[in-house]
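Chains as they are written, first to last, in the numbering used here: chain A, 46 to 254; chain B, 55 to 428; chain C, 2 to 85.
Derived by calculation from the structure, the hints in this document are not laboratory data.
Misleading hints may appear alongside valid ones.
Claimed, not checked - Pulled a few chain C residues facing chain A out of the computed Cβ check, cut under 7 angstroms:
#1 L24
#2 D25
#3 D36
#4 K54
#5 L60
Said to hold, decoys possible - Below are the EDC-like pairs computed for lysine to aspartate or glutamate, each with C-alpha atoms no more than 16 angstroms apart in a straight line:
#6 K237/A with D222/A
#7 K54/C with E114/A
#8 K86/A with E71/C
#9 K54/C with D150/A
#10 K54/C with E82/B
#11 K59/C with D119/B
Claimed, not checked - Chain A side only, calculated, beta carbon under 10 angstroms to chain B, not exhaustive:
#12 N62
#13 Y89
#14 E182
#15 R206
#16 Q210
We put the CB at the ideal spot given by N, CA and C, even for glycine.
Listed here are the chains, written in short residue letters.
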Amino acid sequence: MNPMQPVYITAFCILRNRQLVVDGRVVLANHSGLSLGDWLKSAYQQLGMDYPKFYKMDALAKATLIAVEWISRTLPVAGTNTPLVFSNYSSSMVSDDRHAAGIYDPDDASASPGVFVYTLPNIGMGEVSIRHQLHSENVFFIFERFTPEFLVPYVTGMLEREGLQQVLAGWVEVGADGTCDVLLYAVSRHGKLPHTIEQLNALYNKDYE
Amino acid sequence: MKPVYLHGDHILSPLGDGSQVNFAQLLEGHSGVHVHDRPDLHTRPICASLINDAEISGLAEPSEDYTRLERLLIHAVQALVSRFDIPMDHKTAVILSTTKGNIGLLRHPRGGSIAGSRVYLSQLATQIRHHFKLPHDLVVLSNACISGALALSVARQLLQGDQYQRAIVVGGDELSHFILSGFDAFQAMSDEPCCPYDRDRIGINLGEAAVAAYLSTERRAGSIAILGAGSYNDANHISGPSRTGEGLYRSIQTALTEAGVERLDYISAHGTATPYNDEMEAVALGRVGLTEIPLNSLKGYYGHTLGASGLLETLVGCHCLREGILLKSPGFEHVGTSVRLNIITEHRRAPLDTFMKLASGFGGTNVAIIFRNT
Amino acid sequence: MSELTQELKERIIKQLNLEDITLDDLQDDTPLFGDGLGLDSIDALELIVMLDKSYGIKLADPKEGRKVFETIQTMADYIEANRP
């Protein structure tokens with residue numbers, strides 16, 4: 046079997062600890078104890094997006110959208126055939142928990158369609174697809190932790206397919222408790238940073254203060 | 055791509071425990087969809103397809119160690135492993151497709167003794183892993199209603215490398231108040247048996263199933279080959295399908311191009327019986343010129359089994375190929391889509407060589423996969 | 002009547018997460034769907050839930066929804082006419 050062609054990480058975005066890092070630079074940081082919702086709102090406003098749908102999204106979809114928005118400002122994303130290969134641990138627990146709280150409320154049990162629609166982990170990818178008009182493949186994996194051991198060969202294998210130039214992949218762990226641990230990155234055939242397990246672990250584990 | 059083959063499967067559903075049993079029931083025209091009054095599941099009676107645990111011989115008793123869904127999934131995988139003597143070793147990938155897993159545990163007022171952390175899909179997967187003493191984690195995917203079919207495409211991708219020689223793809227979901235209340239909020243469910251593609255269709259019936267399939271790159275007698283696949287997002291709306299069926303259209307085109315087949319003998323469509331889904335599928339099939347191919351939706355027999363559906367319906371399609379039988383699409387009487395499809399109205403025999411499975415889901419997802427009898 | 006339209010505006014902005022819309026943006030006759038506020042199918046379902054939970058009115062026929070939810074005013078009129 047032929048060895049796979051080398052591919053490269055061409056952009057990345059991290060949202061963690063109320064810090065937004067793009068290609069290694071901290072572009073937004075807040076240490077005043079902002080709630081996740083308020084921090085994501087400030088990140089959205091910083092981008093100057095004018096996209097009112099943002100406010101309907103849950104925290105998982107918001108964080109996903111913001112990370113991809115930053116990547117889309119340096120790389121061609123809109124209207125391309127760029128598959129999305131995202132993953133996390135909690136699936137859609139952010140919204141699952143809200144929905145469950147609503148239906149089991151002892152005084153006022155009810156279900157909100159606007160909440161229920163987000164009780165699937167792939168909806169954030171759907172929002173990204175709509176925002177950037179991406180008619181592409183979406184796959185959402187569940188792992189216990191960020192797992193480049195799986196993602197690297199899988200994404201590299203996808204790029205072996207004819208016609209695919211770029212894949213967006215990564216980890217979008219957003220918890221019902223307000224934790225946010227997001228690393229999204231673009232992988233393509235040409236670039237400088239090698240798309241390897243070691244490289245991704247380095248990006249993921251680095252302290253960007 | 056290296057060719058990948060489906061060798062066998064196990065279907066555990068309201069129609070029975072075992073693929074032969076299920077197919078026999080389908081041939082008789084039986085459906086698993088009934089009205090159930092289950093206050094433990096929902097605040098009003100539901101028209102759905104529920105597994106009756108008591109009818110499954112050998113299903114593990116309720117225990118503190120396994121949730122109901124875990125027992126169902128393990129049962130399906132075990133049946134497959136036993137029948138095909140599949141070594142659960144480092145060369146066997148196990149891919150799990152589920153939309154909500156053990157979500158019924160989440161904030162449930164009558165808690166029980168299973169750890170709350172089992173609502174996390176990794177934890178569910180770990181239970182299955184430990185049961186089979188698999189030396190590595192399951193690959194878990196959760197992609198709304200296309201998960202089951204997409205899992206086959208993922209398995210095919212994984213089998214291209216050297217890491218795995220074979221794969222078990224398992225899909226399942228169980229119904230819960232969590233899920234039923236949500237679909238109610240969407241006004242998506244019908245109180246009667248669903249009518250895919252029919253003029254008077256008003257909504258879905260939900261269903262449960264646990265199904266498992268055995269795949270490898272080795273061709274064997276009776277295997278069904280995966281010839282091509284395509285999956286594209288609509289990029290239109292997170293819950294409503296594209297009016298032009300753009301994502302499904304592209305998915306079908308890509309699958310057809312990769313498969314390189316000259317003809318398709320049967321289409322197992324998604325057909326959930328919502329006004330929008332069925333119309334969208336018809337539009338997409340019209341655009342790609344496949345409206346003459348005999349087509350059905352199996353949702354009238356099984357309901358919409360969510361994370362199991364794409365896989366369950368594919369496996370039934372494989373049995374149809376092997377037996378040379380086209381199954382009637384239950385619930386269809388009057389044309390109800392702007393583009394007319396060739397809906398199968400009675401069971402009939404036909405020489406079948408290839409079929410295509412379609413699925414679409416929330417988040418704008420779509421998938422098309424083409425199979426051939428070898 | 003204007004108390005009800007005021008209440009509806011506040012409820013809608015909150016329930017539908019219209020964070021970028023102010024009360025002044027929302028006139029009694031602003032079209033809620035299509036051009037105007039541009040609400041979508043999920044918003045329509047949320048309005049049906051709101052009608053039931055907050056005003057005790059069950060909208061059985063979704064086709065009725067189009068007319069009822071045309072504007073704040075049509076919603077208020079419908080509620081006044083149908084509340085138990």
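So which hints don't hold here, by number, going up?
Hints 1, 2, 3, 5, 6, 7, 8, 10, 11, 12, 13, 16 not satisfied by this model.
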